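There are 2 protein chains.
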Amino acid sequence: MNSWQEIHDEVLRRIHTRQWKPGDLIPNETDLAQEFGCARATVNRALRTLAETGLLDRRRKAGTRVTLHPVGKAVIEIPLIRRDIEDRGARYGYRLISRQIGPAPASIRAALRIETGTPLVHLLACHLADARPYLLEDRWINPAVVLGAETADFTRISANEWLLTHAPYTHGNLTIAAEPLPPQTAAALQVAAGDAGLVLTRTTWDHASAVTTVRLSHRPGHLLHSTL
Amino acid sequence: MNSWQEIHDEVLRRIHTRQWKPGDLIPNETDLAQEFGCARATVNRALRTLAETGLLDRRRKAGTRVTLHPVGKAVIEIPLIRRDIEDRGARYGYRLISRQIGPAPASIRAALRIETGTPLVHLLACHLADARPYLLEDRWINPAVVLGAETADFTRISANEWLLTHAPYTHGNLTIAAEPLPPQTAAALQVAAGDAGLVLTRTTWDHASAVTTVRLSHRPGHLLHSTL
Numbered sequence: 029m030n031s032w033q034e035i036h037d038e039v040l041r042r043i044h045t046r047q048w049k050p051g052d053l054i055p056n057e058t059d060l061a062q063e064f065g066c067a068r069a070t071v072n073r074a075l076r077t078l079a080e081t082g083l084l085d086r087r088r089k090a091g092t093r094v095t096l097h098p099v100g101k102a103v104i105e106i107p108l109i110r111r112d113i114e115d116r117g118a119r120y121g122y123r124l125i126s127r128q129i130g131p132a133p134a135s136i137r138a139a140l141r142i143e144t145g146t147p148l149v150h151l152l153a154c155h156l157a158d159a160r161p162y163l164l165e166d167r168w169i170n171p172a173v174v175l176g177a178e179t180a181d182f183t184r185i186s187a188n189e190w191l192l193t194h195a196p197y198t199h200g201n202l203t204i205a206a207e208p209l210p211p212q213t214a215a216a217l218q219v220a221a222g223d224a225g226l227v228l229t230r231t232t233w234d235h236a237s238a239v240t241t242v243r244l245s246h247r248p249g250h251l252l253h254s255t256l
Numbered sequence: 029m030n031s032w033q034e035i036h037d038e039v040l041r042r043i044h045t046r047q048w049k050p051g052d053l054i055p056n057e058t059d060l061a062q063e064f065g066c067a068r069a070t071v072n073r074a075l076r077t078l079a080e081t082g083l084l085d086r087r088r089k090a091g092t093r094v095t096l097h098p099v100g101k102a103v104i105e106i107p108l109i110r111r112d113i114e115d116r117g118a119r120y121g122y123r124l125i126s127r128q129i130g131p132a133p134a135s136i137r138a139a140l141r142i143e144t145g146t147p148l149v150h151l152l153a154c155h156l157a158d159a160r161p162y163l164l165e166d167r168w169i170n171p172a173v174v175l176g177a178e179t180a181d182f183t184r185i186s187a188n189e190w191l192l193t194h195a196p197y198t199h200g201n202l203t204i205a206a207e208p209l210p211p212q213t214a215a216a217l218q219v220a221a222g223d224a225g226l227v228l229t230r231t232t233w234d235h236a237s238a239v240t241t242v243r244l245s246h247r248p249g250h251l252l253h254s255t256l
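Here the protein sequences come in this chain order: F and A.
Here the first sequence is numbered in our numbering, starting from 29 and rising by one per residue.
Here the second sequence is numbered in our numbering, starting from 29 and rising by one per residue.
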């Protein structure tokens, strides 16, 4: 066997046929490389891929085992909204609805772990696909961390796009929910209040400092695709 | 700098301060290792991590650039339903609602790319958290690929759990949507028809053969968490 894909398939076959059972320690990379007559790096690539899908559990010193309780992993790509819309073959449009600077409500302060009274930039904007509302961006930005957020012209560029080059983040979290859209959001999306909308809430951090938190409310019918 | 984390942070700082701008080619690993006074493998680890978050674009021959249009990536973990419920601190319960073997409707046949008349195993089951419906599993299994699916006792073990050890897959896809729950699904979940439910549709393959397709309809209010 020469390619990592062939080794990947053979290892998968052994797991599948239960030659290697859940919980079993499998041979080390050196032994497998010898058995398959290939480079150790090729075995490594195959095992790494199987570990990423959760079928193998690799530990530096304890070796590699067939996972007892595999956790499947799905990778969701989060492109720029403009790109997402253009990739779906539609013409991109953008409209700023409101822009304010002031204290945030308690729920936002809690999400960003900031103190009462700290002024934040609050933006409400609609992204359009072929002139039809696609999603509503409801965003709070921490201007103490994101320099220029108070003066940037968000009538011309969305915060989604502007932040990309002005405020990289080190980590963050994403929550996905199905929610009945509240009246104001539904109105902006030109649908009926209470319709089921896919809502993505994303908060990002630059080390210990909150950068931004955003709610992206999609028009009903939106599908989020991912590969396993 | 000795650790890959320190190098990661320094590279991030240079991107952040636009010392390295979007689209810029950055120095190669050997030069960076020399500059930082560390092993090339340490630089590699740091750059790999930044490439995974989408901030760097690494090409084997063309070198590493600061990404022009970064695509964020979120990883969603898909545990066994039993584990998901237990991890949320609830007691797991399971109830098979129906089990049939027969031809599938056109939409299912299309998703699985199988021919008319091929009999499939159709299961409808409710997973419970603390005796309350948590999600409805509506699943079709291809028994030509999954040996034993026609005779397995799904009153005692869910297909979600049984398939884990009886039918590994090579790849698959996942779609996430917010949908008004149809009457039958809503009834099984003990909520009102039309309520917004988070619906995950997952189809898996063993090479070119379809293994199974499943719709997991969550009770309204369910949140799917992920890290960035």
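Derived by calculation from the structure, the hints in this document are not laboratory data.
Bear in mind the structure is a predicted one, so any value in this text is a computation, not a measurement.
Treat the hints with caution; some may be incorrect.
Said to hold, decoys possible - Derived pair list, reagent style SDA-like, types lysine to any residue, alpha-carbon separation capped at 20 Å: (1) A:Lys-89 x F:Lys-101; (2) F:Lys-101 x A:Gly-82; (3) A:Lys-49 x F:Lys-101; (4) A:Lys-101 x F:Pro-107; (5) A:Lys-89 x F:Glu-38; (6) F:Lys-49 x A:Asp-234; (7) F:Lys-101 x A:Lys-101; (8) A:Lys-101 x F:Lys-49; (9) F:Lys-49 x A:Leu-252; (10) F:Lys-49 x A:Pro-107; (11) F:Lys-49 x A:Leu-192; (12) F:Lys-49 x A:His-194; (13) A:Lys-49 x F:Lys-49.
Evaluated hints:
With a C-alpha separation of about 30 Å, the suggested pair Lys-89 (chain A) and Lys-101 (chain F) falls outside the 20 Å cut-off, and the hint is violated. Our distance criterion of 20 Å between C-alpha atoms is met by Lys-101 (chain F) and Gly-82 (chain A), whose separation comes to about 18 Å. At roughly 32 Å between alpha-carbon atoms, Lys-49 (chain A) and Lys-101 (chain F) are farther apart than 20 Å, so this suggested pair is violated. For the given pair, Lys-101 (chain A) sits about 8 Å from Pro-107 (chain F) by alpha-carbon distance, which is consistent with the 20 Å threshold.
Using a Cα cut-off of 20 Å, the hinted pair Lys-89 (chain A) and Glu-38 (chain F) is violated, with the two alpha carbons roughly 30 Å apart. For the proposed pair Lys-49 (chain F) and Asp-234 (chain A), the alpha carbon gap of about 18 Å is at most 20 Å, so the pair holds. A distance of roughly 12 Å separates the Cα atoms of Lys-101 (chain F) and Lys-101 (chain A); the hinted pair therefore holds under the 20 Å criterion. Between Lys-101 (chain A) and Lys-49 (chain F) the alpha-carbon distance is near 32 Å, which puts this suggested pair outside the 20 Å criterion.
The straight-line distance between the Cα atoms of Lys-49 (chain F) and Leu-252 (chain A) is roughly 30 Å, outside the 20 Å bound, and the hint therefore fails. Between Lys-49 (chain F) and Pro-107 (chain A), the direct Cα distance comes to roughly 19 Å. Compliance with the 20 Å bound is thereby established for this hinted pair. Our distance criterion of 20 Å between C-alpha atoms is met by Lys-49 (chain F) and Leu-192 (chain A), whose separation comes to about 12 Å. Of the supplied pair hints, the one linking Lys-49 (chain F) and His-194 (chain A) holds, its CA atoms being roughly 11 Å apart against a limit of 20 Å.
Restraint check for Lys-49 (chain A) and Lys-49 (chain F): not satisfied, since their Cα atoms lie roughly 49 Å apart, outside the 20 Å limit.
Hint compliance for this structure: hints 1, 3, 5, 8, 9, 13 are not met, and every other hint is.
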